[in-house]
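With the hints as constraints, model all of the structure from the sequences given.
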Amino acid sequence: MKKLLEVLNLKTYFFLEEGVGKAVDDVSFFINEGEIFGLVGESGCGKSVTALSIMRLVPSPGKIVGGKIIFEGENLLEKSYEEMRDIRGRKISMIFQEPMVVLNPVYSIGFQIAEAIVVHYPEVSWDEAWERAVYMIEKVGIPNPRRRAEEYPYQMSGGMRQRAMIAMALINNPRLLIADEPTTALDVTVQAQILELMERLKEEYKASILFITHDLSIIAEISHRVGVMYGGKIVEVGDVFSIFDRPLHPYTFGLLNSMPRLDKEEKRLYSIPGSVPSLLSFPQGCRFKDRCDKAFSLCDKEPPLVEVESGHFVQCWLFSK
Amino acid sequence: MNEVLWVLKRLLKNPSSCLGLVIVLFFALVAIFAPVIAPPEYPDEPYLLPKGGWAVEPSPPSPDHPFGTTEGQYDIFYGIVWGARTAFKVGFMTVIFSALIGVVVGAISGYFGGWIDEIIMRITDIFMAFPFLVAAMVLTTILGKGLDKVMIALIAFGWMGYARLIRGSFLSAKEELYVLAAKAIGVSSFKIIFKHILPNTIYPVIIQASMSMGSMVVTASALSFLGVGAPDGYADWGQMISYARNWIVGAPGEALRYWYTFVYPGGTIALFVLGWNLLGDAIRDILDPKLRRIRVR
Chain F
39 MKKLLEVLNL
49 KTYFFLEEGV
59 GKAVDDVSFF
69 INEGEIFGLV
79 GESGCGKSVT
89 ALSIMRLVPS
99 PGKIVGGKII
109 FEGENLLEKS
119 YEEMRDIRGR
129 KISMIFQEPM
139 VVLNPVYSIG
149 FQIAEAIVVH
159 YPEVSWDEAW
169 ERAVYMIEKV
179 GIPNPRRRAE
189 EYPYQMSGGM
199 RQRAMIAMAL
209 INNPRLLIAD
219 EPTTALDVTV
229 QAQILELMER
239 LKEEYKASIL
249 FITHDLSIIA
259 EISHRVGVMY
269 GGKIVEVGDV
279 FSIFDRPLHP
289 YTFGLLNSMP
299 RLDKEEKRLY
309 SIPGSVPSLL
319 SFPQGCRFKD
329 RCDKAFSLCD
339 KEPPLVEVES
349 GHFVQCWLFS
359 K
Chain Y
3 MNEVLWVLKR
13 LLKNPSSCLG
23 LVIVLFFALV
33 AIFAPVIAPP
43 EYPDEPYLLP
53 KGGWAVEPSP
63 PSPDHPFGTT
73 EGQYDIFYGI
83 VWGARTAFKV
93 GFMTVIFSAL
103 IGVVVGAISG
113 YFGGWIDEII
123 MRITDIFMAF
133 PFLVAAMVLT
143 TILGKGLDKV
153 MIALIAFGWM
163 GYARLIRGSF
173 LSAKEELYVL
183 AAKAIGVSSF
193 KIIFKHILPN
203 TIYPVIIQAS
213 MSMGSMVVTA
223 SALSFLGVGA
233 PDGYADWGQM
243 ISYARNWIVG
253 APGEALRYWY
263 TFVYPGGTIA
273 LFVLGWNLLG
283 DAIRDILDPK
293 LRRIRVR
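Residue numbers (the numbering used here), protein chains in the order written: chain F, 39 to 359; chain Y, 3 to 299.
The set of hints was computed from the structure by calculation and includes no laboratory data. All residues carry an ideal CB built from backbone N, CA and C; glycine is no exception. Don't take every hint at face value.
What the hints assert, rightly or not - Straight-line C-alpha distance at most 27 Å; calculated DSS-like pairs for lysine-lysine:
1. K197(Y) with K117(F)
2. K49(F) with K91(Y)
3. K106(F) with K305(F)
4. K101(F) with K176(Y)
5. K193(Y) with K129(F)
6. K176(Y) with K117(F)
7. K339(F) with K327(F)
8. K129(F) with K91(Y)
9. K147(Y) with K91(Y)
As the list claims (entries may be wrong) - Coverage of chain Y stretches by chain F, computed from C-beta distances (three or more under 8 Å per stretch; other residues unrestricted):
10. 174 to 182
11. 191 to 204
Right, here's the structure in full:
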């Protein structure tokens, strides 16, 4: 399979007055063509910053300080501002967590979707762009598309807005769709519909998806390969079956255990002790060691990423000789 | 169109805003129909006040001069009718251009931030360091007499408020997710500023502009009153009061003998400003985003 996107040793640091926050520190992973890659982790572990780094939209005072992002054979970090603007929305697009505030309140959704076309294809007439927007609105399952296109975001529910956002992201047929917790703000039934929609459209448009979430059940359902992030690092990568059947890293293990399950009877749900350390005060060595019940002397040194079985990598001293 | 009708409907609901609207409309009608209400004596130069004679002393209202004549026998009624045109011209021009400059400067400053913001805001501070009236007066004196010079001076020292206002809104609006989303579909900075953020932040500017219509006209009148504004004999309310200067105290034993020389122009200015302020207040209430949310179409 061909790799569409390869992130190599990406480092995105935030330069704050209190010090340097290493939000993404030496992260490497790749996404194959036509694949859904799930990125999981708790809040504040660097998932969103990774996504924004790929888009080159890291907010100040954050900066990409090292690494490579190879997309279709070219390093995105070497692109100029204008080249990058051309890629955004045309080859890579993104949908966000909060559908309620992500659309501009003063324009109709048809306008915003049509604009996404015209921005990249100025030769397309507005009427044509509008027609395509209406078509796309229908595609994402919004009933009555012609009338809905003229409606404003405040007239729509969260699920509808997220559908509109998906329409906007897919209208230019991008190669990669970055979905940053697209279902987190939606209720469960709508979540399932949105997931199904994304899977269907992914097939139809032959796009790859980088799916960011903290919800393991979603990952299990839709992704092919999974990366587990903790404290700005990817601690375990593998295909979805090996991660769920044979989790290696104690953090992945903890995450899986803290998921409610129907096939096991438990009195109380497991939870990983402690919380994610602040960006500014990661412990030396393994960043998970303070919360890890298997920590031992070696953990004070930074563990290497090792391949335990084919395509299944883990960054933990338990598995390196 | 619905929007305009809705705003109008709300304007008419409230008595004070209704009054403001009536006053402003009244002046607008006076300005539009000035040639009918007070036919000019010199059609080529309608703003030139007609003289009723050569005597210095003002004369009281008479059938020929319904509001009387002021110093130098200039007709007060004519001055007020054509002065309405002057007032609208000065008000609209100064407010529109200073708002335009302020919005562009403030938007760029707020959106880009960093050192661009720093430089622009320090320049703004320098402009704000001068007292408005004094600065406008000095600039008008340097540029020379004439209404256009007054307007230039008022614009040159009137844009900073708008710049600060819009910068503040931009600082918060640029963090909104819809801005990030627009960036993520590849919209250029220019379009994000003027197409995406500006429509969301323009309301305070509209309110500020409608509120400052009155004060701009007052300041222009003040400049004319001080003798650096409109040229001699020009139909301008400030000028009219300026002619009344020597007659405000009246004659010995008859303090209010020349009341018409200052009551008519002074009252007109007060009424005009009152009208705009009431309207501005009403517009602020109507455009308040918190009140707008409640509305269901």
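Right, here's what the structure says about each hint:
1. K197(Y) with K117(F): With a Cα-Cα distance of about 26 Å, the restraint between K197(Y) and K117(F) holds, given a limit of 27 Å.
2. K49(F) with K91(Y): Violated, at roughly 59 Å.
3. K106(F) with K305(F): Given pair K106(F), K305(F) is violated - Cα atoms ~46 Å apart, limit 27 Å.
4. K101(F) with K176(Y): holds, 18 Å
5. K193(Y) with K129(F): holds, 20 Å
6. K176(Y) with K117(F): Cα-Cα ~24 Å, so holds.
7. K339(F) with K327(F): Holds: K339(F) and K327(F) sit about 10 Å apart, inside 27 Å.
8. K129(F) with K91(Y): Cα-Cα ~51 Å, so violated.
9. K147(Y) with K91(Y): holds, 17 Å
10. 174 to 182: With 4 residues close enough to chain F, the hint holds.
11. 191 to 204: Three-residue rule met by the region 191 to 204 of chain Y, so holds; n is 4.
Figure legend: structure checked against the earlier numbered hints; hints not met, in rising order: 2, 3, 8.
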